[in-house]
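Visitor: Listed below, chain by chain, are the residues.
Protein chains: 2
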Amino acid sequence: MSLLKADVNRVSAFAPATSANLGVGFDILGLALDAVGDTVTLTKRDDNQIVIEKINSVTGLPLEPTKNTASFAVQKMCEDLGITTGFSLQIDKGIAMGSGMGGSAASAVAAVVALNGFLSSPISKERLVEFALYGEEIASGGRHADNVAPCVFGGITLIRSIDPMEVINLPYPELYCVIVHPHLQVETKSARGILSPTVALKKYIEQSAALAAAICAFYQKDVELLRRSMQDLIIEPQRAALVTGYYDVKQAAIDAGAISATLSGSGPSLLAFCESKTGAESVAQAMLTAFKQHQVNADHWISPINPNGAYTL
Amino acid sequence: MSLLKADVNRVSAFAPATSANLGVGFDILGLALDAVGDTVTLTKRDDNQIVIEKINSVTGLPLEPTKNTASFAVQKMCEDLGITTGFSLQIDKGIAMGSGMGGSAASAVAAVVALNGFLSSPISKERLVEFALYGEEIASGGRHADNVAPCVFGGITLIRSIDPMEVINLPYPELYCVIVHPHLQVETKSARGILSPTVALKKYIEQSAALAAAICAFYQKDVELLRRSMQDLIIEPQRAALVTGYYDVKQAAIDAGAISATLSGSGPSLLAFCESKTGAESVAQAMLTAFKQHQVNADHWISPINPNGAYTL
Numbered sequence: 001m002s003l004l005k006a007d008v009n010r011v012s013a014f015a016p017a018t019s020a021n022l023g024v025g026f027d028i029l030g031l032a033l034d035a036v037g038d039t040v041t042l043t044k045r046d047d048n049q050i051v052i053e054k055i056n057s058v059t060g061l062p063l064e065p066t067k068n069t070a071s072f073a074v075q076k077m078c079e080d081l082g083i084t085t086g087f088s089l090q091i092d093k094g095i096a097m098g099s100g101m102g103g104s105a106a107s108a109v110a111a112v113v114a115l116n117g118f119l120s121s122p123i124s125k126e127r128l129v130e131f132a133l134y135g136e137e138i139a140s141g142g143r144h145a146d147n148v149a150p151c152v153f154g155g156i157t158l159i160r161s162i163d164p165m166e167v168i169n170l171p172y173p174e175l176y177c178v179i180v181h182p183h184l185q186v187e188t189k190s191a192r193g194i195l196s197p198t199v200a201l202k203k204y205i206e207q208s209a210a211l212a213a214a215i216c217a218f219y220q221k222d223v224e225l226l227r228r229s230m231q232d233l234i235i236e237p238q239r240a241a242l243v244t245g246y247y248d249v250k251q252a253a254i255d256a257g258a259i260s261a262t263l264s265g266s267g268p269s270l271l272a273f274c275e276s277k278t279g280a281e282s283v284a285q286a287m288l289t290a291f292k293q294h295q296v297n298a299d300h301w302i303s304p305i306n307p308n309g310a311y312t313l
Numbered sequence: 001m002s003l004l005k006a007d008v009n010r011v012s013a014f015a016p017a018t019s020a021n022l023g024v025g026f027d028i029l030g031l032a033l034d035a036v037g038d039t040v041t042l043t044k045r046d047d048n049q050i051v052i053e054k055i056n057s058v059t060g061l062p063l064e065p066t067k068n069t070a071s072f073a074v075q076k077m078c079e080d081l082g083i084t085t086g087f088s089l090q091i092d093k094g095i096a097m098g099s100g101m102g103g104s105a106a107s108a109v110a111a112v113v114a115l116n117g118f119l120s121s122p123i124s125k126e127r128l129v130e131f132a133l134y135g136e137e138i139a140s141g142g143r144h145a146d147n148v149a150p151c152v153f154g155g156i157t158l159i160r161s162i163d164p165m166e167v168i169n170l171p172y173p174e175l176y177c178v179i180v181h182p183h184l185q186v187e188t189k190s191a192r193g194i195l196s197p198t199v200a201l202k203k204y205i206e207q208s209a210a211l212a213a214a215i216c217a218f219y220q221k222d223v224e225l226l227r228r229s230m231q232d233l234i235i236e237p238q239r240a241a242l243v244t245g246y247y248d249v250k251q252a253a254i255d256a257g258a259i260s261a262t263l264s265g266s267g268p269s270l271l272a273f274c275e276s277k278t279g280a281e282s283v284a285q286a287m288l289t290a291f292k293q294h295q296v297n298a299d300h301w302i303s304p305i306n307p308n309g310a311y312t313l
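As they're listed, the protein sequences go chains A and B.
Read in order, the letters of the first sequence are residues 1 to 313 in our numbering.
Read in order, the letters of the second sequence are residues 1 to 313 in our numbering.
Treat each hint with caution, since some may be false.
Copies of the same chain are indistinguishable here, so a pair counts whether it falls within one copy or spans any two.
Capping the alpha-carbon separation at 30 angstroms, the derived lysine-lysine pairs in DSS-like fashion look like this [unchecked claim]:
1) LYS125 x LYS67
2) LYS54 x LYS67
3) LYS76 x LYS202
4) LYS76 x LYS44
5) LYS221 x LYS44
6) LYS292 x LYS277
Because the hints were derived from the structure by calculation, they are not lab data.
Keep in mind the model is a prediction, meaning the values are calculated, not measured.
All chains, full assembly: derive it from the sequences and hints.
Guide: Spelled out as structure tokens, the structure:
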């Protein structure tokens, strides 16, 4: 049997925006958003090349296949599976670059999910995560799956292990996410660079209790327990200074009723959890006002959690 | 209304043995065992004194009220609640001292649970944990509730917070615990003393994933996920050298089918989780044999998890 379905020449896939870290679960927890996402279309080529045909994006992105997360992931997946057919990629960026919403992960995921649509025997979601990670790696400089995993699986995901890849989908109560993206430049690589290579044992224990309690809160769908548990004693204090007005914006979110507010991924965006859409709108306004008091403009999105992850169109 | 019931002169309470740390959840997770426990009987006195009348134990224990975990916890609870009546304590130790089964916690818990039996308005389990902790503090030198909390609540408990005290009871699949107590001397205080005050960030992330996955495994009652998740990358490597033959005994347990094997609390005992009673018996024998090959004698207990915790008799 051929690796590729004979009658399929073009597949498009959509992959949602994501938020990583969530305040607990640094590098291991992430969630998928319903608001926006990237779409990648793959078309078969006869010349065995992986080529980026077009990128629709407001900001410039590399057209060189080995520097683009989508084409690099496709290239790795083709190599590994022994696919010799070439593909042209069209990338439609719905996610603003540097918004802290997992744009690089979404492009890579949409690309491998589209490629999976060509396969006679599609591969598992875990393997899609592994291939998309190659793309994420060129963008962030590390093999962190906390955006890629929720992008593929949807919902809130825990990465138990990267090698072998194991992702656990967590249950969760109804939640609305507010993402506020301040117009500040924070690069993922430098946000990682400032982190201390060690954690104090006492903080490790306290943060472990918060993480474990948050997992309980998700399973019990207990919003009040989530409110008490979503705290970050380790990463947030180190990165807060990268975002002008960070603690004021966070406090504004909490005062407006947010369950929690924290850096989304490595920032500069903030993620706040809210119980209702109306609540989320108040929280978003409070956060934008707090940023304005620091002369910082910001975009925002309000989104429920996307339960299903990336899919072919 | 009087603080104490008028017609109650004597109350006995039983508190179960416990195991702390479990391989994941250092200082925050613990469980109650069904095998053995301590019983404390409180009898009212007219002279307003807290007096230890008798300790039935194979090993010597301090009779001085401020040095004994049970009497010190009772004293603190009386002070805090404004109880001026005196009490005589009889302590029946079912748990061998230094066995890593929470003997000091059990005496303190049995004592405060017995005292609670005198109260016209009994206090909450959380507050009982707080008072018993005063007793535990003199024994271990720190305010660690990972034995006291499961002793009071039963089951497998997560301590989300000590101040304010918040304990979460976790669900769990049917499990049999094997506790093997080698005849080696490891003091809790020195076992804490050898721990590095910092944790590498990378280990912190990996261990967080293991902890979070183990919490998922408890909620999902998924024994295979538990098997993949119960690992200790941080504490075990630092303490293993305190226990002669540690890694051989651990491996023997795993080879015999245990879900996991780790130090129980600060050791020297080991705790292994098994899926059945017969399985637990094989695992226990394999662990005893492995200790013997290192010329170490050991006692052992096989026990299901005690679901209810301490109670008045």
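Visitor: Run every hint past the structure and note whether it holds.
Guide: Hints and how they fare:
1. In this assembly of identical chains, the alpha carbons of LYS125 and LYS67 lie at most 30 angstroms apart only when taken from the same copy (24 angstroms versus 58 angstroms across copies).
2. Taking identical chains as interchangeable, the C-alpha atoms of LYS54 and LYS67 lie at most 30 angstroms apart only when both belong to the same chain, with a minimum of 14 angstroms there against 77 angstroms between chains.
3. For the identical chains of this complex, LYS76 and LYS202 are inter-copy neighbours only, at 26 angstroms across copies versus 42 angstroms inside a copy, given an alpha-carbon limit of 30 angstroms.
4. For a Cα distance limit of 30 angstroms, the shortest separation of LYS76 from LYS44 inside one copy, 16 angstroms, qualifies, whereas the shortest one across copies, 77 angstroms, does not.
5. For a Cα distance limit of 30 angstroms, the shortest separation of LYS221 from LYS44 qualifies neither inside one copy, at 45 angstroms, nor across copies, at 46 angstroms.
6. For a Cα distance limit of 30 angstroms, the shortest separation of LYS292 from LYS277 inside one copy, 23 angstroms, qualifies, whereas the shortest one across copies, 64 angstroms, does not.
Hint compliance for this structure: hint 5 alone is broken.
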